[in-house]
Amino acid sequence: MRPFTLNYALSRGLPAVVTPYHFDASLQLNVLPDGRPAVSDRDLLLAVGTTTSTAGSQTHFDD
Amino acid sequence: MTVLILTSEQDVTADMAVAVLYERGVPVMRLDPADLPGKAVLSADYAHGDFDGHLSVNGHVLSMGGLRSVWVRRPGEPAAHAEHASAWLTAETRQALYGMLYSATTRWMNHPRNAEQARYKPWQLRVAHRSGFAVPPTVITTAPRVAQQFAEVHQDVVVKSASGPPPDDPTLALPTTLIGPGADFSAVAAGPALLQRYVPKRADIRLTCVGSRLFGARKRAAPGQVDGRYGDTGYVWEATEVPDRIANSVHEYLTLSGLAYAAFDFAEDEEGLWWFLECNQGGQFGFVELETGQPIAEAVALWLAQRAMDRRAPESRR
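Listed in order, the protein sequences are those of chains A and B. For the first sequence, position 53 (counting from the first letter as 1) is numbered 53 according to the working numbering, and the numbering increases by one without interruption. Start counting at 1 in the second sequence, then tack on 1000, and there's your number in the working numbering.
I should point out that these hints are in silico values taken from the structure, not numbers from a laboratory. Computed from a prediction, not measured in an experiment: that's the story for all the values here. Note that the Cβ used here is the ideal one computed from N, Cα and C, for glycine as well. One should not assume that every hint holds.
[As the list claims (entries may be wrong)] Across the chosen pairs, the derived CB separations fall in these ranges:
| # | chain 1 | residue 1 | chain 2 | residue 2 | range |
| --- | --- | --- | --- | --- | --- |
| 1 | A | Met1 | B | Glu1116 | 24 to 32 Å |
| 2 | B | Pro1181 | A | Leu27 | 52 to 60 Å |
| 3 | A | Arg2 | B | Gly1231 | 19 to 27 Å |
| 4 | B | Gly1272 | A | Met1 | 39 to 47 Å |
| 5 | B | Thr1233 | A | Arg36 | 29 to 37 Å |
| 6 | A | Arg2 | B | Ala1047 | 49 to 57 Å |
| 7 | A | Arg42 | B | His1084 | 36 to 44 Å |
| 8 | B | Phe1051 | A | Leu44 | 24 to 32 Å |
| 9 | A | Ser11 | B | Met1001 | 45 to 53 Å |
| 10 | A | Asp43 | B | Pro1122 | 34 to 42 Å |
| 11 | A | Thr19 | B | Gly1293 | 33 to 41 Å |
| 12 | A | Asp43 | B | Asp1045 | 30 to 38 Å |
| 13 | B | Asp1045 | A | Ser11 | 47 to 55 Å |
| 14 | B | Ala1047 | A | Met1 | 18 to 26 Å |
[To be verified] Here are some of the chain B residues that sit facing chain A, going by a computed Cβ distance under 10 Å:
| # | residue |
| --- | --- |
| 15 | Glu1009 |
| 16 | Asp1015 |
| 17 | Met1016 |
| 18 | Ser1161 |
| 19 | Pro1166 |
| 20 | Leu1174 |
| 21 | Ala1183 |
| 22 | Ala1187 |
Kindly generate the complete structure, drawing on both the sequences and the hints.
This is the structure:
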């Protein structure tokens, strides 16, 4: 029998987040293609949605 | 003295605090436990009644004697990226890494011992009671009859997951959902169900706590909206004052839980009362800061940058 709670699960499709930045190991920060830290472009971070309370829900449920 | 941040490389929210630490000249080591062993290297010596340990990753080296604080943000499972990853290797690596870190004298945000307990939603409800919050009646049960009776008594009832969506299926979401009339509760016997009286709300509240600093944020709810995390209503997060009664309860909760960082979720009802929903010990704050402009990352960085004045004292709230 399927657990009761899973009867209320929704399919949301595979997350298709493409982040326009990559991790720079020497800086220990994510950087944009032009070398600026990703955090310098706050509008972009909002648009990407990687800081939201559901962004890490598959690995860290206490978001 | 170095701040150690345990998180994944992709964690751009951590970047927000790292940037502040850099501005203030505080050394940082960022490590994903998933990269140990491999990209990261660890050694700890226990000899002649003394202890020292070292971590290195990406050209950065940290001695345990130079460890200022540890921020447990979004760490991967130890050894998850190892060439021969296995459950055993994860367990061995967890012993090596966290055993070494626990051997050092340092400040934690949050200490894994406290974080582990704080993740339990039923326990959160009890601590919320003791802290003086308004808590919606809740039951967690594997008894269909108990679930049925709860729904009959409270009428409008939501179901929510205690642990989040199934980790092995990234396509599934489990938003908090209203149970309609005439629900069949027989499947409660197949797995614990967490049911809670629905709170009709006019807003969601996210209250982020960093040490003793509180950052309240409020987002209007759409009519009938249940889970504020899902659905685009067009409303945005805005900074809001934290009532004194709530602040007092928050401080009590943090004292009882030993947390240095926490993100509380409340539902604000039509009378303006904040109902406790949950407390996320590792809750995201990036979206709140980006929308409200509240300096949460700076607060985190300042907390991490502090030096312990008396290392024998409890450290979670300073």
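We went through each hint and held it up to the structure:
1. Here the CB-CB span from methionine 1 (chain A) to glutamate 1116 (chain B) is close to 30 Å, well matched to the stated 24 to 32 Å.
2. At roughly 56 Å, the beta-carbon separation of proline 1181 (chain B) and leucine 27 (chain A) lies within the given 52 to 60 Å, and the hint holds.
3. Between arginine 2 (chain A) and glycine 1231 (chain B) the Cβ separation comes to about 25 Å, which falls inside the hinted range of 19 to 27 Å.
4. For glycine 1272 (chain B) and methionine 1 (chain A), the Cβ-Cβ distance of about 42 Å falls inside the hinted range of 39 to 47 Å, so the restraint holds.
5. Judged by the Cβ atoms, the range 29 to 37 Å given for threonine 1233 (chain B) and arginine 36 (chain A) holds: they are separated by roughly 32 Å.
6. Restraint check, arginine 2 (chain A) to alanine 1047 (chain B): a C-beta distance of roughly 55 Å satisfies the suggested window 49 to 57 Å.
7. The hint said 36 to 44 Å for the Cβ distance between arginine 42 (chain A) and histidine 1084 (chain B), and at roughly 41 Å that hint holds.
8. For phenylalanine 1051 (chain B) paired with leucine 44 (chain A), a C-beta distance near 44 Å fails the hint of 24 to 32 Å.
9. A C-beta distance of roughly 48 Å is found between serine 11 (chain A) and methionine 1001 (chain B), which places it inside the suggested range of 45 to 53 Å.
10. For the pair aspartate 43 (chain A) and proline 1122 (chain B), the beta carbons lie near 40 Å from each other, so the given range of 34 to 42 Å is met.
11. Take threonine 19 (chain A) and glycine 1293 (chain B): their Cβ atoms lie about 23 Å apart, and the range 33 to 41 Å is violated.
12. Range check, aspartate 43 (chain A) to aspartate 1045 (chain B): Cβ separation about 48 Å, and the 30 to 38 Å hint is violated.
13. Take aspartate 1045 (chain B) and serine 11 (chain A): their Cβ atoms lie about 51 Å apart, and the range 47 to 55 Å holds.
14. Hint check: alanine 1047 (chain B) to methionine 1 (chain A), Cβ distance near 56 Å, so the stated range 18 to 26 Å is violated.
15. The restraint placing glutamate 1009 (chain B) at the interface with chain A holds, with a minimum CB-CB distance near 4 Å, inside the 10 Å limit.
16. Contact between aspartate 1015 (chain B) and chain A, as hinted, is supported at the beta carbon level, the nearest pair being about 5 Å apart and thus within 10 Å.
17. Because the closest C-beta pair between methionine 1016 (chain B) and chain A is about 5 Å apart, less than 10 Å, the hint holds.
18. At about 6 Å, the closest approach between the beta carbon of serine 1161 (chain B) and any beta carbon in chain A falls short of 10 Å, and the interface hint on this residue holds.
19. Annotation: proline 1166 (chain B) was flagged as interfacial toward chain A, and the flag holds, the nearest CB pair being 8 Å apart, inside 10 Å.
20. Hint status for leucine 1174 (chain B) relative to chain A: holds, with the closest Cβ pair at about 5 Å, below 10 Å.
21. The beta carbon of alanine 1183 (chain B) comes within 9 Å of a beta carbon in chain A, closer than 10 Å, and the hint placing it at the interface holds.
22. Contact between alanine 1187 (chain B) and chain A, as hinted, is supported at the beta carbon level, the nearest pair being about 4 Å apart and thus within 10 Å.
Hint check: violations occur at hints 8, 11, 12 and 14; the rest are consistent with the structure.
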